[in-house]
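Numbering-wise (the working numbering), the sequence shown opens with residue 1 and increments by one.
Heads up, some of the hints might be wrong.
[Claimed, not checked] Computed Cβ-Cβ distance ranges for the label pairs, DEER-style:
no. : residue 1 : residue 2 : range
1   : I351      : R282      : 31 to 41 Å
2   : R492      : R443      : 18 to 28 Å
3   : E231      : R443      : 28 to 38 Å
4   : I304      : S334      : 18 to 28 Å
5   : D232      : S334      : 20 to 30 Å
By construction, these hints were calculated from the structure, which means they are not laboratory data. Even glycine gets a Cβ: it sits at the ideal position worked out from N, Cα and C.
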Amino acid sequence: MSHKPRAMCPHIRISALTAVFLLSALGCADQRKPAEFDADALLDRLARSHYARESGQFFLVQEDGAAFAHDRQRKIHYHATPFRYDTRVPLVVYSPTEIAGRPRLVHEPVSPINISATCFDLLSVPRTKWASADALPIELDGRPKILALLILDMLAYETYQDRLPSHPTFSRLEEDGIVFENCDLDYLTTHTSISHAVLGTGTYPNVNGISTNFRLASHDPQVWRWHNYFEDGDPSRLLQPTFADLHDAAVDNRAIVIGFSEHKKAIVPLTGHGVLHESGDRDLVLFQNLSTGELMSGSVQREIPDYLKRYSPSRFISHLPQSGLEVSGWGPRSYGELKAHPLCVDYRKQIIFDMLRNESPGSDEITDLVLINMKILDEIGHFIGTDSDIHKKAMKKLDGFTGELMSILGELTGDNYLLILTSDHGAGPLIGLGNPKRLRLERFLDELNRRYPGETGEETGRAIFRSIRHGHLWADDKLIDAAGYDREEMKRFMLGYPTIVAAFTEEEIRFRQKELFPGLDPRSLPYVYPGANP
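All chains should be modelled from the sequences, with the hints used to inform the complete structure.
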């Protein structure tokens with residue numbers, strides 16, 4: 001049965017209907033207040049995020065609680081929307097030493113790009129041309145011995161705030177640190193690769209080149225293969241240097257840079273380009289094999305040191321006491337289960353704390369960097385849901401981990417460290433298999449291609465619409481022009497679908513981009529960041 005287009009809604013401010021979601025993991029419906037967004041402000045976000053070689057030719061927004069999903073996906077936890085449950089994240093800046101004006105609550109809006117600007121300024125390193133955002137309003141008495149950035153992946157502001165009373169470490173940070181209650185992602189989409197590239201470089205995706213979670217491995221319309229931006233830990237697709245790159249080079253590579261995440265896309269865009277950067281060196285940057293959980297490092301970074309080679313998820317699982325499994329009512333039998341289990345926090349913290357104790361950052365007057373992404377809430381949220389009991393238990397584990405991390409940082413520096421705690425994006429509802437707002441991806445593309453046929457014929461036939469990911473709809477521009485199709489009419493047809501509430505063409509987005517970034521031509525930016533060795 002095909003979706004029938006409805007009349008286009010011309011309103012600039014769009015309010016979604018009250019959503020009723022089938023939470024298959026919980027077996028209950030989730031009644032939530034409808035979310036709304038400003039379509040004009042959304043166009044600004046897209047202009048900051050559009051990179052001509054990578055972004056789609058159309059961008060679609062579905063109403064609150066709706067998502068594109070493959071037929072084979074039983075459930076999907078979506079977080080690529082402009083709604084505040086996706087874009088609003090916690091942000092706390094804490095130091096045991098004096099921060100001017102603390103404790104205080106900051107109401108003014110900020111974004112991850114302001115966090116990055118703060119890191120650049122604290123380290124006294126020059127920024128690149130397009131990294132011009134204001135730093136956060138904090139003043140330190142001197143430079144910290146360690147600058148630590150802790151990113152709790154996929155943690156929405158409301159979830160963080162609602163659970164504060166039962167989390168002693170997070171509550172302490174709220175009481176003693178500077179809290180920014182309106183940290184909002186001012187770009188789209190709200191995904192891991194994108195936010196970490198913004199945090200690392202202080203630039204938006206339209207400059208740093210990381211505009212989606214995945215990239216086209218080939219621009220041949222008949223191939224359309226997808227790859228991670230940071231395959232094998234390769235940072236060369238990141239077009240701007242990070243504050244870690246520039247700081248380490250400025251002190252002749254005497255800074256200790258430690259980075260860890262389960263996923264390379266959550267750490268490589270923070271730690272940067274390693275030996276690819278002019279005067280760069282190999283830092284200790286680790287991530288995990290997504291299938292086995294074994295530790296890995298990129299080719300431009302240090303090899304895994306001997307003291308870490310003893311770590312193995314299978315060994316950790318085999319030594320778990322039965323009492324330890326009661327944390328969630330079931331025990332992990334493989335890494336695939338461990339990475340979505342609260343006990344994974346215990347496993348990863350052993351690795352992180354071992355790195356800190358062996359590398360000894362904070363031992364001199366040069367500021368060292370400790371950059372950590374903890375992805376456990378993302379793993380659980382996508383497949384079980386953020387309201388689940390196991391998600392709450394994992395967050396309790398993260399609270400304990402953060403407290404231990406602060407203690408170790410204090411020991412290493414004599415309490416002269418700065419901790420920035422935030423998240424890369426929030427989280428939306430879990431959409432079950434039978435949810436009426438679940439728009440089948442394959443069917444949608446098939447209907448578009450029937451409405452707007454491309455080349456025909458068994459040998460040379462090519463469809464115009466090839467893929468949609470996270471709102472980006474990729475189409476063959478040459479076929480559209482050859483057929484004489486009107487892109488505005490195509491957009492109106494897409495807006496006829498009941499769950500699609502906003503649609504933008506690439507031309508609209510690029511026009512707004514020129515208004516916001518005069519003098520910037522994304523098509524002219526090479527795939528080489530400033531200072532790289534070609």
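Report task. Mind checking the hinted window 18 to 28 Å against the Cβ distance between I304 and S334? Result -> The hinted range 18 to 28 Å holds for I304 and S334, with Cβ atoms some 22 Å apart.
**Report entry** Status of the given 28 to 38 Å range, CB of R443 versus CB of E231
**Finding:** holds, 31 Å
**Report entry** Distance restraint evaluation - I351, R282, Cβ atoms, bounds 31 to 41 Å
**Finding:** With a Cβ separation near 18 Å, I351 and R282 fall outside 31 to 41 Å, so the hint is violated.
Query raised in the report: For the pair R492 and R443, does the Cβ-Cβ distance stay inside 18 to 28 Å?
Result: About 20 Å separates the Cβ atoms of R492 and R443, which means 18 to 28 Å holds.
Query raised in the report: D232 and S334, beta-carbon distance inside 20 to 30 Å?
Result: Taking Cβ atoms as reference, D232 and S334 lie about 23 Å apart, which means the hint holds.
The structure does not agree with numbered hint 1 stated previously, though it agrees with all others.
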